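**Student:** Spelled out, the chains give:
Number of protein chains: 2
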Amino acid sequence: MLKKGWLWVLGSGLLLLWLSAWLRPAQGGRVLVMPVEGSHWLSMKVLATGLAQRGHNILLLVPETNILIESSELFRTETFPVKISKEELSTSLKGFQEGVFKRSPALMDIVIQVGHLLNFTGMQVEGCESLLYNKPLMQKLKEENFDLVLTDPFLPCGPIIATALGLPAVYFLRGIPCGLDMLASQCPSPPSYVPRFQSGSTDKMTFVERIQNFVMSGVELVLCRIMYASFDELASRYLDADLTYQEIIGRGAIWLLRYDFTFEYPRPLMPNMVLIGGINCRKSAELSAEVEEFVKGSGEHGIVVFSLGSLVSSMPKEKAAIFFKAFSMIPQRVLWRYTGEIPDDVPENVKLMKWLPQNDLLGHPKAKAFITHGGTHGIYEGICHGVPMVMLPLFGDQGDNVHRVATRGVGVVLSIHDITAETLVDALNTVINDSSYKQRMEKLSAIHNDRPMQPLDLAVYWTEFVMRHKGADHLRPAAHDLNWLQYHSLDVIGFLLFIVLIITLATFKCCALCWRRCCRKSQKRKED
Amino acid sequence: MLKKGWLWVLGSGLLLLWLSAWLRPAQGGRVLVMPVEGSHWLSMKVLATGLAQRGHNILLLVPETNILIESSELFRTETFPVKISKEELSTSLKGFQEGVFKRSPALMDIVIQVGHLLNFTGMQVEGCESLLYNKPLMQKLKEENFDLVLTDPFLPCGPIIATALGLPAVYFLRGIPCGLDMLASQCPSPPSYVPRFQSGSTDKMTFVERIQNFVMSGVELVLCRIMYASFDELASRYLDADLTYQEIIGRGAIWLLRYDFTFEYPRPLMPNMVLIGGINCRKSAELSAEVEEFVKGSGEHGIVVFSLGSLVSSMPKEKAAIFFKAFSMIPQRVLWRYTGEIPDDVPENVKLMKWLPQNDLLGHPKAKAFITHGGTHGIYEGICHGVPMVMLPLFGDQGDNVHRVATRGVGVVLSIHDITAETLVDALNTVINDSSYKQRMEKLSAIHNDRPMQPLDLAVYWTEFVMRHKGADHLRPAAHDLNWLQYHSLDVIGFLLFIVLIITLATFKCCALCWRRCCRKSQKRKED
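In order, the protein sequences belong to chains A and B. For the first sequence, my numbering gives the first residue as 468, with consecutive numbering after it. For the second sequence, my numbering gives the first residue as 468, with consecutive numbering after it.
Some clues are possibly wrong.
No distinction is drawn between identical chains; accordingly, a pair holds when it is met within one copy or between any pair of copies.
Unchecked claim - Calculated pairs, PhoX-like style, for lysine-lysine (alpha carbon to alpha carbon, straight line, at most 25 Å):
| # | residue 1 | residue 2 |
| --- | --- | --- |
| 1 | K671 | K993 |
| 2 | K905 | K937 |
| 3 | K602 | K833 |
| 4 | K607 | K833 |
| 5 | K607 | K988 |
| 6 | K991 | K750 |
| 7 | K763 | K937 |
| 8 | K833 | K937 |
| 9 | K937 | K671 |
| 10 | K988 | K553 |
| 11 | K976 | K609 |
| 12 | K910 | K937 |
| 13 | K786 | K976 |
| 14 | K763 | K607 |
| 15 | K671 | K763 |
It is worth saying that the hints were derived from the structure and are not from the lab. Please read all numbers here as calculations on a predicted model, not as lab measurements.
Between the sequences and the hints, there should be enough to build the whole structure, so can you do that?
**Tutor:** Shown next, in the form of structure tokens:
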């Protein structure tokens with residue numbers, strides 16, 4: 468009996484050993500994580516957590532003043548001082564939140580957006596400088612002997628630090644304004660069918676739309692130069708090398724792209740790009756008893772989930788009144804992430820919450836519609852759980868995102884500026900009662916969820932790959948060694964045209980010479 | 468006790484049910500497999516077998532006269548009569564086998580190769596016609612209600628049948644001559660860093676090489692037109708539609724490409740391309756007792772594995788003598804797939820075999836070098852097991868393949884025409900005794916084998932995906948709707964240049980008019 472017991476213990480021990488070897492890498496790597504604030508962090512956190520759970524040693528590097536980035540038991544956090552104070556950040560954020568509900572003249576919109584972006588990047592460059600020139604901290608980072616930097620190249624600090632420390636970088640992003648991600652990774656984006664940011668086109672364009680998209684792609688090149696001038700300057704100065712920011716991020720080992728082709732239009736990709744769209748969507752957990760009761764009470768009509776994202780949870784009183792009025796006119800119950808002023812007559816079917824278990828609510832069988840601002844996180848949760856959407860884009864890439872979703876026929880777009888209770892009710896009725904929306908959404912959802920590997924596993928795999936092989940050089944295209952003229956073979960075409968010209972001219976000269984000689988001879992003969 | 472027994476039976480039953488549900492799809496699909504002869508079939512067989520083992524109903528459609536395609540217990544085989552007899556095929560094959568050892572004038576080489584290919588495709592078109600116009604068989608195929616066609620678009624019959632039956636197609640291939648695969652899938656291949664077939668360049672080219680590659684990419688376009696004229700004609704005639712073969716294969720749902728970037732140079736890919744390089748490599752099985760004894764007897768020197776592929780297993784007596792002589796000069800033991808004339812003085816360290824367990828031998832710890840013709844199957848088995856190579860390209864893509872391997876520094880290329888015992892011994896000594904070859908090969912092998920999913924699982928997954936969703940339309944780029952001019956935005960550029968010209972002319976005219984008026988006025992004033 469004793470023998471059997473020992474065998475059992477030994478067997479279990481061996482099994483545990485085998486399991487732990489399988490579940491964890493042989494030796495945990497050392498990863499420096501440099502996230503970007505806001506929703507960017509919310510999805511990167513999924514990967515950082517996944518890596519920590521696999522036994523890697525994670526150091527999260529964040530500015531002292533931040534909004535959503537919090538520390539965790541799973542990884543170490545190192546903060547660095549920045550010039551902006553918590554109060555200044557709050558004021559700036561509040562101004563921004565109010566700004567999204569103010570209508571700007573249509574033509575000015577793009578100028579204002581670029582202005583906002585320049586202001587934002589300026590602030591970020593300042594923050595980055597505080598870090599880069601913080602010698603003790605940089606020395607400490609150097610001594611940590613990291614294996615890689617996991618960062619979002621939306622902001623310059625991560626890629627610059629990776630270059631400075633000579634570490635391979637894994638990027639985690641949805642995209643970079645003006646298509647810098649595609650430029651830097653040498654990924655072809657033919658303007659004939661790859662719509663540019665804010666162009667309002669799909670991948671199927673008319674001649675006029677193609678002209679517009681072509682011009683936009685040219686404008687983007689100029690915009691890139693302007694927008695990233697401060698990044699270029701900082702990088703060159705700090706690294707003491709004549710490098711553009713585009714060249715620096717072009718050195719990234721792996722690009723983990725937070726989309727797939729249920730959302731994005733099919734387009735060429737590079738070998739070091741890995742699609743992890745939907746990484747933030749997970750199997751829905753149980754709701755709290757109170758919320759579950761409210762949801763269940765909706766009966767056959769079901770619920771509507773309403774959130775304007777991680778940064779915007781309030782709105783002007785008059786705007787909120789429109790929503791309250793609309794919700795009083797529908798039979799569904801509404802769960803709304805709202806921290807604004809609460810009126811006296813909140814309809815009974817509306818539950819206001821400071822924080823919304825959005826993923827779990829969307830995954831609930833009672834979820835009928837999702838009112839969203841069109842951030843990619845919300846959109847992917849909607850697609851993942853198959854819930855049709857009413858979309859109210861506020862800023863940044865959201866206008867483009869909702870356009871992509873709307874062209875799939877799984878959502879309706881409304882303008883936050885022009886919205887009325889009637890248009891909102893109409894839109895909700897359409898996506899809830901016109902069964903074609905649900906059908907198309909279920910089909911899209913089935914395609915999105917049908918993938919050989921879960922996005923998180925894929926992201927973890929390729930991050931560990933970079934650790935194991937100290938990069939992914941075998942996936943780096945030789946296009947990085949060519950300049951623009953060479954890449955497009957314009958020097959070759961020029962040379963060939965020159966040769967053709969020379970040959971044509973020489974032939975022409977020869978013919979002319981022969982002709983003249985012949986003429987002379989016949990003239991001579993005539994004269995003779 | 469009885470109760471416990473029943474519970475055990477019930478539990479086991481449930482477990483078995485769960486296991487079978489997990490291992491098999493809910494309902495097996497119906498797959499029509501149309502392979503291409505020779506080594507093409509050897510790797511496609513791996514997927515066909517994998518699909519059959521997953522419970523799918525596979526019908527293998529093959530010409531009555533064939534070389535390597537054999538029936539299997541796992542899938543049904545349907546043959547169709549073709550004009551060429553077994554004897555004619557054997558004679559043709561023998562002629563081909565002898566031809567590869569004859570040297571053709573360097574300049575004529577490409578002409579001869581294209582000639583061979585045209586002859587081969589002509590024969591195949593004839594065979595395909597026999598099938599397409601075989602009404603009873605075609606009716607039978609229609610009634611089978613297949614879910615998809617799995618085929619190699621190297622030959623036209625599979626894609627044409629898929630179109631005729633209105634079925635989605637999954638392609639399984641290494642590539643199609645003159646880059647038709649990339650053209651048809653709308654995959655960008657910038658000639659500035661994607662070397663063309665037979666160009667002899669790598670992805671890093673000098674200016675002269677880039678000129679050469681650019682010209683080659685133009686020549687390819689013309690070659691494509693010539694080589695596939697018979698395919699175009701057959702497809703248009705049979706389908707009664709104005710379609711080119713390129714347009715037909717452009718409709719493929721998924722392209723399973725039999726390479727990865729340990730072998731291929733990094734380049735753009737399309738979303739519906741799945742890389743399954745190394746699908747033919749498997750964990751090496753035990754050798755037969757006789758072979759194992761021979762291998763073990765090699766001692767510390769190890770063995771050399773020698774095969775010239777599935778189609779060439781003999782060679783002229785004089786050529787073979789060179790190899791026998793070389794092998795008598797090395798300490799390693801040699802296992803050679805050889806069916807040619809056997810001389811009296813075969814060295815003791817040489818074992819001649821009609822069939823070689825190539826994968827198992829390469830996976831044996833004693834394997835020191837691999838003499839190969841440079842087919843992708845052999846190359847991937849070599850990379851997979853990490854064995855340095857001596858390569859003797861014979862025909863087709865082999866010249867290009869060995870060039871790719873050689874640039875990685877894991878193999879040496881010799882010419883089958885110029886080979887001598889000394890050069891062969893030198894080459895073997897280099898790859899065996901210069902440890903840098905083994906080191907680089909081990910690194911390459913580690914990268915190749917480090918992948919999130921096994922190639923076979925990936926191929927099965929995407930084939931089943933196409934069955935589940937009746938295609939993969941969400942991965943189809945809108946570029947398919949554009950013509951060449953539109954794709955490259957040349958119409959847009961032309962239009963913009965025209966507008967610029969008009970504006971310039973108008974401005975010039977206006978200025979000239981103003982100038983003239985001013986001049987007249989001042990002249991008038993002077994006159995006054």
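**Student:** State for each hint whether it applies.
**Tutor:** Here is what the structure says about each hint:
no.	hint	verdict
1	K671 - K993	neither (70 Å within a copy, 63 Å between copies)
2	K905 - K937	between (46 Å within a copy, 20 Å between copies)
3	K602 - K833	neither (55 Å within a copy, 53 Å between copies)
4	K607 - K833	neither (51 Å within a copy, 47 Å between copies)
5	K607 - K988	neither (91 Å within a copy, 79 Å between copies)
6	K991 - K750	neither (99 Å within a copy, 89 Å between copies)
7	K763 - K937	neither (52 Å within a copy, 36 Å between copies)
8	K833 - K937	neither (47 Å within a copy, 29 Å between copies)
9	K937 - K671	between (41 Å within a copy, 22 Å between copies)
10	K988 - K553	neither (96 Å within a copy, 70 Å between copies)
11	K976 - K609	neither (68 Å within a copy, 66 Å between copies)
12	K910 - K937	between (40 Å within a copy, 12 Å between copies)
13	K786 - K976	neither (78 Å within a copy, 55 Å between copies)
14	K763 - K607	neither (53 Å within a copy, 54 Å between copies)
15	K671 - K763	neither (43 Å within a copy, 63 Å between copies)
The structure is inconsistent with the numbered hints 1, 3, 4, 5, 6, 7, 8, 10, 11, 13, 14 and 15, although it conforms to all the rest.
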